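Number of protein chains: 4
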Amino acid sequence: MDADTRGEVLKRLAYIEGHLAGVRRMIEQDSYCVDVLKQTYAVRRAIEKAESMLLSGHLHHCVVGGIESGDDGVLYELVELYELANK
Amino acid sequence: MDADTRGEVLKRLAYIEGHLAGVRRMIEQDSYCVDVLKQTYAVRRAIEKAESMLLSGHLHHCVVGGIESGDDGVLYELVELYELANK
Amino acid sequence: MDADTRGEVLKRLAYIEGHLAGVRRMIEQDSYCVDVLKQTYAVRRAIEKAESMLLSGHLHHCVVGGIESGDDGVLYELVELYELANK
Amino acid sequence: MDADTRGEVLKRLAYIEGHLAGVRRMIEQDSYCVDVLKQTYAVRRAIEKAESMLLSGHLHHCVVGGIESGDDGVLYELVELYELANK
Chain Z
1 MDADTRGEVL
11 KRLAYIEGHL
21 AGVRRMIEQD
31 SYCVDVLKQT
41 YAVRRAIEKA
51 ESMLLSGHLH
61 HCVVGGIESG
71 DDGVLYELVE
81 LYELANK
Chain V
1 MDADTRGEVL
11 KRLAYIEGHL
21 AGVRRMIEQD
31 SYCVDVLKQT
41 YAVRRAIEKA
51 ESMLLSGHLH
61 HCVVGGIESG
71 DDGVLYELVE
81 LYELANK
Chain X
1 MDADTRGEVL
11 KRLAYIEGHL
21 AGVRRMIEQD
31 SYCVDVLKQT
41 YAVRRAIEKA
51 ESMLLSGHLH
61 HCVVGGIESG
71 DDGVLYELVE
81 LYELANK
Chain W
1 MDADTRGEVL
11 KRLAYIEGHL
21 AGVRRMIEQD
31 SYCVDVLKQT
41 YAVRRAIEKA
51 ESMLLSGHLH
61 HCVVGGIESG
71 DDGVLYELVE
81 LYELANK
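Protein chains in written order, with the working numbering: chain Z, 1 to 87; chain V, 1 to 87; chain X, 1 to 87; chain W, 1 to 87.
One chain only, chain Z, in its complex shape (with noise of 0.2 Å):
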């Protein structure tokens, strides 16, 4: 993963943890359960977000760089990526 990457996967989870914290305190202030649920949705959205680039960056880099030198365990990973992303 280059560093601009990197730098912007860390600024997203630090604001998702930042967002997780709203909605504690939207539960701990009674809101409606149906608007809570709607951010907890929305979180895991944003982690998706955060996924696609940090598997971009595998993809580009571990992947490639195992294609090139005839390892094959990096699809046997990607296979295993995809089942295992919405389990």
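Heads up, none of these hints are tricks.
One copy or any two copies: either way a pair holds, since identical chains are not told apart in the list.
Here are the simulated EDC-like cross-link-like pairs (lysine to aspartate or glutamate), alpha carbons at most 20 Å apart as the crow flies: (1) K49 <-> E83; (2) K38 <-> E17; (3) K38 <-> E28; (4) K49 <-> D4; (5) K49 <-> E28; (6) K87 <-> E48; (7) K11 <-> E28; (8) K38 <-> E77; (9) K49 <-> D2.
Derived by calculation from the structure, the hints in this document are not laboratory data.
Bear in mind the structure is a predicted one, so any value in this text is a computation, not a measurement.
Go by the hints and put chains V, X and W onto chain Z.
Just chains V, X and W now, with coordinates in the frame of chain Z:
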């Protein structure tokens, strides 16, 4: 939502924030992307578990109350929640 | 489920079977894997749309009926459905 | 995709069409909505399993070939596929 469930959900969300902070440290320490992604998947699953608890509280309180008072708006909201949950 | 909704869901499911048969033809004709995958994703989204209609019918009939007769088993089932929906 | 994988995917898709036809019969016979939904979930999981096989074939053939010939368009496609998979 009863006080016990609320306390349990708050505890889980605080734990998840700590988990995300741990993921940021993994990235700062240049951990393997696949290991990082497996952790963000685990974070999302933990959020989904908290959502189940929130939904259960919502059903047993707001939805039952809504139906008993003849308000079927809560049912349309549930379909919307179901559709939003994984978009 | 009322007769209109049932008719609509049945029509959609028959259409989806045709869509899947089309995906099989794509594979037999050696279409590009990425194009095939985009079609199977579309099939899954179409099934989810039919599920929304089924869930809506279920909520407005069985769940309302269950709550009115004091049976909260329908609520536990809803949480289970929500958890199963994307496992 | 090699011939064996292709044959296996085609067999699975044909089986899934039969499964969907069975779901239609359940609805025509007025089965309990929750039971119907559990079957449509099973259908979607079966489609996801076929997708894993398609993805694996794609990775081992097109992606490896693309990288070896210096075409990184296949990597951008993979990120797009990952993002589309559960939208």
